[in-house]
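Top line first, the protein sequences correspond to chains D and G. Residue 1 is where the first sequence starts when you use our numbering, and the numbers rise one by one after that. Residue 1 is where the second sequence starts when you use our numbering, and the numbers rise one by one after that.
Don't read these hints as lab results, they were simulated from the structure. We put the beta carbon where it would ideally sit given N, CA and C, even for glycine. Wrong hints could be hidden among the right ones.
What the hints assert, rightly or not - Which residues of chain G face chain D? A few of them, derived with a C-beta cut under 10 Å, are:
#1 F89
#2 L118
#3 E121
#4 I122
#5 V136
#6 T192
#7 L193
#8 P237
#9 W238
#10 L239
#11 A241
#12 G245
As the list claims (entries may be wrong) - Simulated DEER-style distance windows between Cβ atoms:
#13 D:L177 - G:L55: 51 to 61 Å
#14 G:L55 - D:H162: 28 to 38 Å
#15 D:D246 - G:Q240: 51 to 61 Å
#16 G:Q235 - D:H162: 31 to 41 Å
Unchecked claim - Here are a few chain D residues that sit away from chain G, every Cβ distance over 10 Å (derived from the structure):
#17 A26
#18 L66
#19 L93
#20 V100
#21 I222
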Amino acid sequence: MSGEPVLERVTVGGGVALRASGVWTAQYAHVIERMIDTAEKGERGQVAVLIDVSKVAKLDTFGAWLIERLRRGLVEGGSDSRIAGLSDDYSSLVDEVRRVASVAVTPAPRFSIVGMAENVGRSVVDIADMMVALAGMTGALVVAFGNVLRRPATFRLTSMVHHVEQVGWRAVPIIMLITFLIGCIIAQQGLFHFRQFGADVFVVDMLGVLVLREIGVLIVAIMVAGRSGSAYTAELGSMKMREEIDALRTMGFDPVEVLILPRILALLVALPCLAFIGAMSALYGGGMVAWLYGGVDPDAFLSRLRESISIHHFTVGMIKAPFMALVIGVVASVEGLLVEGSAESLGQHTTASVVKSIFFVIVMDGVFAIFFASIGI
Amino acid sequence: MADDAIIRVRDVSVQFGSRRVLDGLHLDVGRGEILGFVGASGAGKSVLLRTIIGLVPRLGGTVEVLGTDMGTADAATRRGVERRWGVLFQHGALFSSLSVRQNIQFPLREYLNVSPRLLDEITLAKLAMVGLKPDVAGRFPSELSGGMIKRVALARALALEPEIVFLDEPTSGLDPIGAGDFDELVRTLQRTLGLTVFMVTHDLDSLHTACDRIAVLGDGKVIADGTMSDMLASQHPWLQAYFHGPRARALAS
């Protein structure tokens with residue numbers, strides 16, 4: 001088998017022939033393409049050009065197509081061109097590529113101001129669609145919950161317990177660790193800065209209020225959004241991709257009732273528990289730092305905490321937890337059901353689910369802060 | 001035949017947990033032939049295919065493809081051999097986030113240094129070869145029917161001009177007309193491109209019309225190997241049941 005492909009120009013009788021030889025395969029496609037482009041330009045204006053392929057050692061789809069492309073180019077340039085010397089083995093291959101239409105080159109979309117404005121407009125519409133979808137999902141959940149209340153036997157308790165284990169029980173170690181560290185950091189920073197004013201002991205006030213009202217539930221909600229909201233979206237999304245949700249629907253089940261309601265109820269149970277555990281763990285961490293780093297012994301810490309904290313601080317924190325659970329669950333479910341056929345879409349919606357639920361959790365925390373301030377708790 | 005074997009499987013054993021799936025299996029595939037590989041569901045047909053292409057680790061034995069021992073070859077040599085085969089997975093395994101055009105061009109872009117114009121032209125040529133219209137090029141796998149997915153997957157498997165094509169149940173899930181077309185397509189491609197085809201199948205029609213040779217898997221070994229008439233003449237009870245069952249009879253009549 002001879003090596004590199006060659007295309008040489010020979011004059012046979014009165015006419016011109018291009019004699020191809022060597023290996024015309026995919027491996028040499030870039031070389032061959034350059035050769036035929038030069039040949040095409042060089043032979044422009046010739047009356048007749050014969051393409052002799054009898055010396056070609058090996059031909060594949062690439063080679064066959066490039067020979068065919070050369071022929072078409074020459075014919076377009078006004079020459080009478082044909083292919084000669086084709087062996088029987090390869091003639092069917094060349095016949096095959098002959099049926100292929102020439103490619104119409106489509107120009108890439110160009111950047112324009114109008115296009116940019118259009119993108120902005122589309123994003124606004126997308127945001128509106130998302131709000132409608134969230135409202136729709138909340139409504140569907142209420143309906144599903146109503147159905148379950150009327151016929152409690154249809155409630156999927158096993159599924160819910162399973163999800164409580166997944167999103168609640170299994171999250172306990174990581175939640176405890178993170179909130180413990182956050183409590184430590186708050187106490188350490190407080191001590192470090194308050195000491196300059198001789199106000200060490202107020203660290204306990206700050207820690208108590210901050211952890212019970214805000215940080216405890218917020219950190220836990222953000223972690224749950226990242227840990228469980230993403231899992232819900234990915235689960236529902238892949239079920240959607242594999243038509244499992246369609247299958248449920250055709251069997252007469254409501255996917256919201258079967259899949260989404262148990263998941264969201266599980267979150268509603270798990271998140272307040274985790275928020276409580278998180279707040280206690282953060283207080284413990286803060287107390288440890290106050291003792292070991294700040295010299296506030298545990299008895300002093302507890303009595304100061306009792307003075308500075310009322311039950312309201314605790315209830316304000318805990319009241320927020322189920323609302324945050326609902327927001328995370330609804331966003332995760334909506335995004336999950338928006339997943340389309342591709343792996344890329346699954347990734348996009350899982351990301352969107354986490355980002356949006358964290359955003360809504362923080363917005364909601366702000367709304368609650370204003371509300372509680374105005375009613376004076 | 002044995003001298004010209006393009007795939008040589010010797011004494012291959014594969015075990016999952018305590019379950020021995022392939023047990024000292026021998027198989028040769030000659031250059032340019034279409035081998036149909038049959039066996040009961042769960043007998044390990046796909047496992048053998050995946051073992052040959054290196055997706056399932058072997059417990060023992062050797063697999064030689066295109067004269068290279070895949071067990072001892074270094075990574076670069078193995079990759080060289082991998083470039084010379086194409087695989088059609090059972091469910092197509094198209095990249096779901098890429099369009100049909102991008103799916104077919106993916107291996108081409110990776111391995112060849114050719115102009116975008118030629119890439120597009122070759123994509124259309126491949127699509128035409130597997131019997132698809134140029135307008136599917138812009139679609140995504142989720143917008144294709146089952147038969148179209150198989151055809152696009154075949155076009156992708158053929159993209160790098162392979163010498164061997166592995167087909168895992170190429171006609172399953174296709175309607176009889178589509179399946180018949182697919183068999184015809186495999187035959188045509190084998191003729192025009194000089195392919196060697198290793199086809200795992202359950203389709204008696206495919207075995208009749210497309211395959212040159214049939215190998216039968218049972219108890220982790222090849223229990224029979226020969227042409228369709230050899231299979232029909234065999235006295236082995238499983239082969240009797242397979243090739244003389246009600247569906248086979250309906251086909252023969």
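Now for the hints, and whether the structure bears them out:
Because the smallest distance between the Cβ of F89 of chain G and any Cβ of chain D comes to about 15 Å, over 10 Å, the interface hint for this residue is violated. A hinted interface residue such as L118 of chain G counts as satisfied when its beta carbon comes closer than 10 Å to some beta carbon of chain D; here the least separation is about 6 Å, so the hint holds. Given the 10 Å rule on beta carbons, the hint for E121 of chain G holds: about 5 Å separates it from the nearest Cβ of chain D. Nearest Cβ of chain D to the Cβ of I122 of chain G: about 6 Å, under the 10 Å cut. The hint holds.
Taken as an interface hint, V136 of chain G does not check out: its beta carbon lies about 14 Å from the nearest beta carbon of chain D, beyond 10 Å. A distance limit of 10 Å between C-beta atoms decides the matter here; for T192 of chain G the minimum to chain D is near 5 Å, and the interface restraint holds. A hinted interface residue such as L193 of chain G counts as satisfied when its beta carbon comes closer than 10 Å to some beta carbon of chain D; here the least separation is about 7 Å, so the hint holds. Proximity of P237 of chain G to chain D is violated relative to the hint, the smallest CB-CB distance being about 38 Å (cut-off 10 Å).
For the restraint placing W238 of chain G at the interface with chain D, the shortest Cβ-Cβ distance is roughly 34 Å, beyond the 10 Å limit, so the hint is violated. Proximity of L239 of chain G to chain D is violated relative to the hint, the smallest CB-CB distance being about 35 Å (cut-off 10 Å). The beta carbon of A241 of chain G is not positioned within 10 Å of any beta carbon in chain D (closest approach about 33 Å), and the interface hint is therefore violated. A distance limit of 10 Å between C-beta atoms decides the matter here; for G245 of chain G the minimum to chain D is near 31 Å, and the interface restraint is violated.
The hinted window of 51 to 61 Å between L177 of chain D and L55 of chain G is violated, with their beta carbons roughly 39 Å apart. Range check, L55 of chain G to H162 of chain D: about 33 Å between beta-carbon atoms, so the 28 to 38 Å window is met. A C-beta distance of roughly 41 Å is found between D246 of chain D and Q240 of chain G, which places it outside the suggested range of 51 to 61 Å. Taking the beta carbon of each, Q235 of chain G and H162 of chain D are about 53 Å apart, not inside 31 to 41 Å as hinted.
Interface exclusion of A26 of chain D from chain G breaks down, the closest Cβ pair being 5 Å apart, not more than 10 Å. Not every CB of chain G lies more than 10 Å from the CB of L66 of chain D, the least distance being 8 Å, so the non-interface label is violated. Annotated as non-interface, L93 of chain D brings its C-beta within 10 Å of a C-beta of chain G; the closest such distance is 5 Å. The claim that V100 of chain D lies off the interface is violated: its Cβ sits roughly 5 Å from the closest Cβ of chain G, which falls inside the 10 Å cut-off.
The claim that I222 of chain D lies off the interface holds: its Cβ sits roughly 29 Å from the closest Cβ of chain G, which is beyond the 10 Å cut-off.
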